[in-house]
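Listed in order, the protein sequences are those of chains V and F.
For the first sequence, the numbering used here assigns the number 1 to the initial residue and increments by one for each residue that follows.
For the second sequence, the numbering used here assigns the number 1 to the initial residue and increments by one for each residue that follows.
Worth flagging that the hints you see were computed from the coordinates, not collected in a lab.
Please read these numbers as outputs of a predicted model, since none were measured by experiment.
Warning: the hint list may mix true and false statements.
Subject to a maximum C-alpha distance of 25 Å in a straight line, what follows is the list of computed SDA-like cross-link-like pairs (lysine to any residue) [stated by the list, open to error]: (1) F:LYS426 with V:VAL33; (2) F:LYS394 with V:ALA2; (3) F:LYS426 with V:HIS57; (4) F:LYS426 with V:GLU43; (5) F:LYS394 with V:GLU47; (6) F:LYS394 with V:HIS57; (7) F:LYS67 with F:GLY13; (8) F:LYS498 with V:GLN40; (9) F:LYS426 with V:VAL44; (10) F:LYS426 with V:GLU47; (11) F:LYS56 with F:PRO70; (12) F:LYS426 with V:ALA75; (13) F:LYS394 with V:PRO29; (14) F:LYS394 with V:VAL33; (15) F:LYS394 with V:VAL76; (16) F:LYS426 with V:SER53; (17) F:LYS394 with V:ALA25; (18) F:LYS426 with V:PRO29; (19) F:LYS426 with V:GLU23; (20) F:LYS426 with F:ASP356; (21) F:LYS394 with V:ALA28; (22) F:LYS394 with V:GLN40; (23) F:LYS426 with V:THR42.
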Amino acid sequence: MALTPDDVARLAGLARIDLSDAELARLAPQLDVILQSVAQVTEVAGEDVPATSHALHLVNVFRTDVVTPSLPVEAVLAMAPHAEDNRFAVPRILGEEE
Amino acid sequence: MSLTTRSAAELAGLLSRREVSAEEVTAAHLDRIAAVDGDVHAFLYVDGDRALSLAKTIDARRAAGEKLGPLAGVPVGVKDVFTYAGAPTTCGSRILEGWIPPYTSTIVQRLLDGGMIPLGKTNMDEFAMGSSTENSGYGATHNPWDLDRIPGGSGGGSAAALAAYEAPLTVGSDTGGSIRQPASVTGTVGIKPTYGGTSRYGLVAMASSLDTPGPCGRTVLDAALLHEAIAGYDARDSTSIDAPVPDVVGAASSADVRGMRIGVVRELGGEGYAPGVEQRFDEAVALLQDAGAEVVEVSCPHFEYALAAYYLIMPSEVSSNLARFDAMRYGLRIGDDGTRSAEEVMALTRGQGFGDEVKRRIIIGTYALSSGYYDAYYGSAQKVRTLITRDFDKAFEVADVLVSPTTPTTAFRMGERVDDPLSMYKADLCTIPSNLAGNCAGSFPVGLAPEDGLPVGFQVMAPPLADDRLYRVGAALERLLPNQLGALGALPGSLAAKEAVR
Chain V
1 MALTPDDVAR
11 LAGLARIDLS
21 DAELARLAPQ
31 LDVILQSVAQ
41 VTEVAGEDVP
51 ATSHALHLVN
61 VFRTDVVTPS
71 LPVEAVLAMA
81 PHAEDNRFAV
91 PRILGEEE
Chain F
1 MSLTTRSAAE
11 LAGLLSRREV
21 SAEEVTAAHL
31 DRIAAVDGDV
41 HAFLYVDGDR
51 ALSLAKTIDA
61 RRAAGEKLGP
71 LAGVPVGVKD
81 VFTYAGAPTT
91 CGSRILEGWI
101 PPYTSTIVQR
111 LLDGGMIPLG
121 KTNMDEFAMG
131 SSTENSGYGA
141 THNPWDLDRI
151 PGGSGGGSAA
161 ALAAYEAPLT
171 VGSDTGGSIR
181 QPASVTGTVG
191 IKPTYGGTSR
201 YGLVAMASSL
211 DTPGPCGRTV
221 LDAALLHEAI
231 AGYDARDSTS
241 IDAPVPDVVG
251 AASSADVRGM
261 RIGVVRELGG
271 EGYAPGVEQR
281 FDEAVALLQD
291 AGAEVVEVSC
301 PHFEYALAAY
311 YLIMPSEVSS
321 NLARFDAMRY
331 GLRIGDDGTR
341 SAEEVMALTR
351 GQGFGDEVKR
361 RIIIGTYALS
371 SGYYDAYYGS
381 AQKVRTLITR
391 DFDKAFEVAD
401 VLVSPTTPTT
411 AFRMGERVDD
421 PLSMYKADLC
431 TIPSNLAGNC
441 AGSFPVGLAP
451 EDGLPVGFQV
461 MAPPLADDRL
471 YRVGAALERL
481 LPNQLGALGA
491 LPGSLAAKEA
501 VR
């Protein structure tokens with residue numbers, strides 16, 4: 001199964017990455033080779049092998065509930081692409097008709 | 001002897017005896033950076049004024065009789081993936097260009113608490129994705145051994161800075177080999193501590209279940225001293241291990257391998273490995289045996305699937321972690337002209353702000369986690385992770401440490417693998433298993449490959465929380481192979497050869 005530029009465009013859309021046609025043409029065959037190579041993991045492990053999501057077997061790590069100061073609002077907003085009235089300012093999030 | 005060619009331990013001695021000031025040591029390294037970094041490009045940002053001012057403070061505190069840490073006054077380079085309030089942190093990415101973090105990572109805070117002097121931020125592959133530093137959004141770093149060759153990656157800047165004598169110590173982060181492979185190809189020492197042994201707080205995340213900060217140095221003792229300074233429990237990292245730091249400095253000083261069982265991993269060698277790499281590796285194993293170690297061969301049959309499992313698990317975590325670069329709260333924002341929606345601005349920004357390798361990995365992760373493929377890809381990769389951990393457990397029953405070459409070849413030429421991602425990935429063939437299993441591992445120089453005169457790295461792997469064993473073996477190799485690297489200027493393309501001409 002070969003990964004086409006259309007497949008890559010769909011995946012990039014899901015990941016919110018705008019790709020040019022030239023990029024799609026360049027990346028699609030590279031990604032196809034990588035995915036074919038990694039597919040070998042499906043041949044190895046049987047049903048009885050449990051999955052490992054993490055090297056440390058930690059369950060519910062708690063810390064003491066101590067109140068500490070947050071970062072100063074000005075310091076955080078100073079690095080925002082756009083700020084207004086002590087808040088992050090973002091482009092519109094609703095469509096024209098909504 | 002110039003201050004910049006001294007080891008960190010030597011500098012620490014000179015400083016504590018007040019034979020030299022921290023200001024002099026810092027100034028010497030800043031001068032060295034100014035002189036050679038145009039050729040090497042190990043640094044993305046040099047924090048000169050603040051470094052000198054910190055150095056003066058340390059000198060004043062020492063003069064006042066204050067008790068300071070063992071490395072107080074010693075300069076250190078910081079991989080640009082760690083936040084340090086007031087200094088730009090880009091992770092080698094255009095999407096974070098100009099971002100100055102409002103907070104400091106635990107690793108950098110511990111450097112400061114120990115009186116060390118951060119010189120600046122070192123270059124890296126974008127978001128630590130790569131094995132050559134060519135994926136940096138700000139230009140590649142060059143290997144001081146041969147300026148036309150790669151310094152490894154992702155921490156090529158931290159390794160090259162050491163090899164070029166721009167810093168006596170640097171810190172890096174290792175997700176699949178980003179500390180060890182650069183150490184290997186630059187003739188330096190690089191350690192990936194046990195996962196959870198060093199704090200990830202303020203380390204910009206790539207793959208959270210794998211990312212491990214660690215020390216880099218030119219000598220084994222230097223790396224151990226830095227390890228001791230930065231490691232240990234941190235309540236701000238939920239995966240930090242609440243256990244004492246192993247006695248790494250004691251191990252680096254002892255170098256005693258008598259009776260130690262050293263397991264050579266059968267699967268990490270053979271086809272695809274350069275002859276000079278295998279030769280130096282075999283010689284080093286023989287030397288350890290002569291020094292009293294017991295050498296056994298072990299088999300880890302699932303290691304051959306480690307690369308495949310890694311290139312599913314890591315991109316899956318990447319696709320999730322890098323979602324935070326959404327053009328809303330910090331970093332680059334492209335196309336916000338009042339007509340485009342937030343989603344369109346997000347996609348435009350990520351399209352222009354990320355480089356090819358980051359895009360490739362986010363897309364692979366998105367694919368591996370998508371419905372219909374999740375069980376076959378991500379689920380199977382997690383099972384392989386279990387099998388690799390079992391291979392390690394079994395091998396550590398018969399061996400105290402496992403050894404292999406750090407990477408199959410010496411430093412390759414710049415540009416050679418850029419358009420062939422799979423061949424680039426193979427540079428991490430030997431280092432990835434320890435990230436998947438979470439045990440500790442380190443790379444130590446064992447001489448030059450006869451065919452090209454470039455450094456060869458020897459990897460030592462030890463069980464979780466047995467980091468001291470890495471240093472014991474590394475220190476033994478260092479003593480058994482004195483002057484193994486010869487002069488840095490031996491090759492015609494080296495930094496030293498270029499300096500000699502000037």
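> So which hints don't hold here, by number, going up?
Replying inline: Hints 2, 3, 8, 10, 12, 13, 14, 15, 17 and 21 not satisfied by this model.
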